[in-house]
Amino acid sequence: MSNAFTWLTDPANWHDQLGTPGIPAQVVAHLEYSLGAVAIATAVALPLGLLIGHTRRGASIVTVANGLRALPTFGLLILLYVVISPHIGGRGDGPYLVPTEIVLVLMAIPPVLGNTSAGVGNVSPAVRDASLGIGMTGREVLLRVEVPIALPLIISGVRSAVLQVVATATVAAYVGLGGIGRYLYDGLAARDFSQMTGGAVLVAVLALALDTLLAAVQRWTVSPGVSGRFKAGTAQAALGPAGAARPGAPEAAAEEGVPA
Amino acid sequence: MNAAAGGGPPGVVEYVTSHHAEILSWLWSHTWLSVVPVLIGLVVSLPLGYLAARHRWVYPPLVTVGGLLYTIPSLALFVVMPSILGTRILDPVNVVVALSVYTVALLARVVADALGAVPEDVAQAATAMGYTSPQRLLKVDLPLAVPVITAGLRVAVVANVSLVAIAGTIGVPELGQLFTNGFQLSSDGPYYPPIVVGVVLCVALALVLDLVVVVVDRALTPWLRKGART
Numbered sequence: 001m002s003n004a005f006t007w008l009t010d011p012a013n014w015h016d017q018l019g020t021p022g023i024p025a026q027v028v029a030h031l032e033y034s035l036g037a038v039a040i041a042t043a044v045a046l047p048l049g050l051l052i053g054h055t056r057r058g059a060s061i062v063t064v065a066n067g068l069r070a071l072p073t074f075g076l077l078i079l080l081y082v083v084i085s086p087h088i089g090g091r092g093d094g095p096y097l098v099p100t101e102i103v104l105v106l107m108a109i110p111p112v113l114g115n116t117s118a119g120v121g122n123v124s125p126a127v128r129d130a131s132l133g134i135g136m137t138g139r140e141v142l143l144r145v146e147v148p149i150a151l152p153l154i155i156s157g158v159r160s161a162v163l164q165v166v167a168t169a170t171v172a173a174y175v176g177l178g179g180i181g182r183y184l185y186d187g188l189a190a191r192d193f194s195q196m197t198g199g200a201v202l203v204a205v206l207a208l209a210l211d212t213l214l215a216a217v218q219r220w221t222v223s224p225g226v227s228g229r230f231k232a233g234t235a236q237a238a239l240g241p242a243g244a245a246r247p248g249a250p251e252a253a254a255e256e257g258v259p260a
Numbered sequence: 001m002n003a004a005a006g007g008g009p010p011g012v013v014e015y016v017t018s019h020h021a022e023i024l025s026w027l028w029s030h031t032w033l034s035v036v037p038v039l040i041g042l043v044v045s046l047p048l049g050y051l052a053a054r055h056r057w058v059y060p061p062l063v064t065v066g067g068l069l070y071t072i073p074s075l076a077l078f079v080v081m082p083s084i085l086g087t088r089i090l091d092p093v094n095v096v097v098a099l100s101v102y103t104v105a106l107l108a109r110v111v112a113d114a115l116g117a118v119p120e121d122v123a124q125a126a127t128a129m130g131y132t133s134p135q136r137l138l139k140v141d142l143p144l145a146v147p148v149i150t151a152g153l154r155v156a157v158v159a160n161v162s163l164v165a166i167a168g169t170i171g172v173p174e175l176g177q178l179f180t181n182g183f184q185l186s187s188d189g190p191y192y193p194p195i196v197v198g199v200v201l202c203v204a205l206a207l208v209l210d211l212v213v214v215v216v217d218r219a220l221t222p223w224l225r226k227g228a229r230t
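Chains A and B are the protein sequences, given in the same order. The first sequence maps to residues 1 to 260 in this note's numbering. The second sequence maps to residues 1 to 230 in this note's numbering.
Note that these hints are calculated values from the structure, not bench results. All of these numbers come straight from a predicted model, not from anything done at the bench. Ideal Cβ positions, reconstructed from N, Cα and C, are used throughout, including at glycine. Warning: the hint list may mix true and false statements.
One side only, chain B facing chain A, incomplete, derived with CB under 8 angstroms [to be verified]:
#  : residue
1  : 73
2  : 79
3  : 83
4  : 86
5  : 158
6  : 162
7  : 166
8  : 169
9  : 183
10 : 186
11 : 192
12 : 198
In isolation and in its complexed conformation, chain A is listed as follows:
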């Protein structure tokens, strides 16, 4: 571990040298494909999850998406790389980037889709009926009642997607893409354990930082009426979070996140 500290604090590793990007450049590259994949996955899975949760139809789509979890991510990456990359000409990262992004997007979809549809679908019927009863349209019920109540679960789905994608993006270095994974595999090839351990510390810190950031976003965006964060002594505090039907304990616990 002390060697990793030496590696991490060596100024030479922090600057771009001929042909080898420094640590900041690799971290930025890592962030780019990780966040790009989560953005694409969220753009697909969030509307779909809202629709499934709101209409309470199409639960089979969620089941199929969950089946994706059984796929070995590394095997899928290699398979797509071998199939796709010969068809992508030109210079640059294209041959590495396209298969990697597909795998990362596929990984990020199940947690976002599952949590969004479960969060919206589990809003208690009494709350939905009350919203319709005071004259809200279906769209208003979704956007002003169901989404705010489901928000903690939706954000926790995005958080677990981010963690999985950041972790799996390290594996992408195996097929030749840049990012922090480079230090793990280059270090392994060169038997340079301080570089490997340093890279491992970098990924863990990056994952932790992103998760903390999203936890803060969750705290800012979730209404205190949903999260139960009232001042002590407030009447509602004793009643617990309003409206949100308790999400099924097993699913909620399982959905917290699976390491990748």
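Since chain A is already given, all that's left is putting chain B on it; use the hints.
Using the frame of chain A, we list chain B on its own:
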């Protein structure tokens, strides 16, 4: 390696027949590398989860530490393990310990939630019938917690199958080797057989292990189906 077929590269069938010994040994090591950490994790999680359900102050640190451990990418953990354990880089013990850590991070909380969710009237009824505290834990609380715990086990075991394959990238011998081999053999042109065999075996292994947990769950909770009739 490609010498098996006369003309073009051998197909999946030829690949399997010419490499069946290796593939079987990788499948076997992949299986135990996926299963053993779940068993270790379960054995460690039960007392931890019990403590957290029993003593409230244990629960928040348990959830926080579990969440922190989950943020560490598996590849990073595999690579760091030798410097913590003093093992060699390719020692399978690294994989077992790393995956056990993940399993505990997931399951300890699940066990605590499951034991904490036993309805108060059930607990009181058991006490009124003369169950002592340890008896109640073993005969009432734990059986009622089984469905929730097995749901956590299913997630852990399926995730492990995929994570074990990642350990193959640093050279630990298991099904991940099929992917690295396929990658290396594809340098001149696409060569699918090892990759396809690896993906199929990984998915099959994940499904079989998942099924085993479901069967165990059903065997341990007969009342769920007897009660369903009414």
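Original post:
What are the numbers of the hints the structure violates, in ascending order?
Top reply: 4
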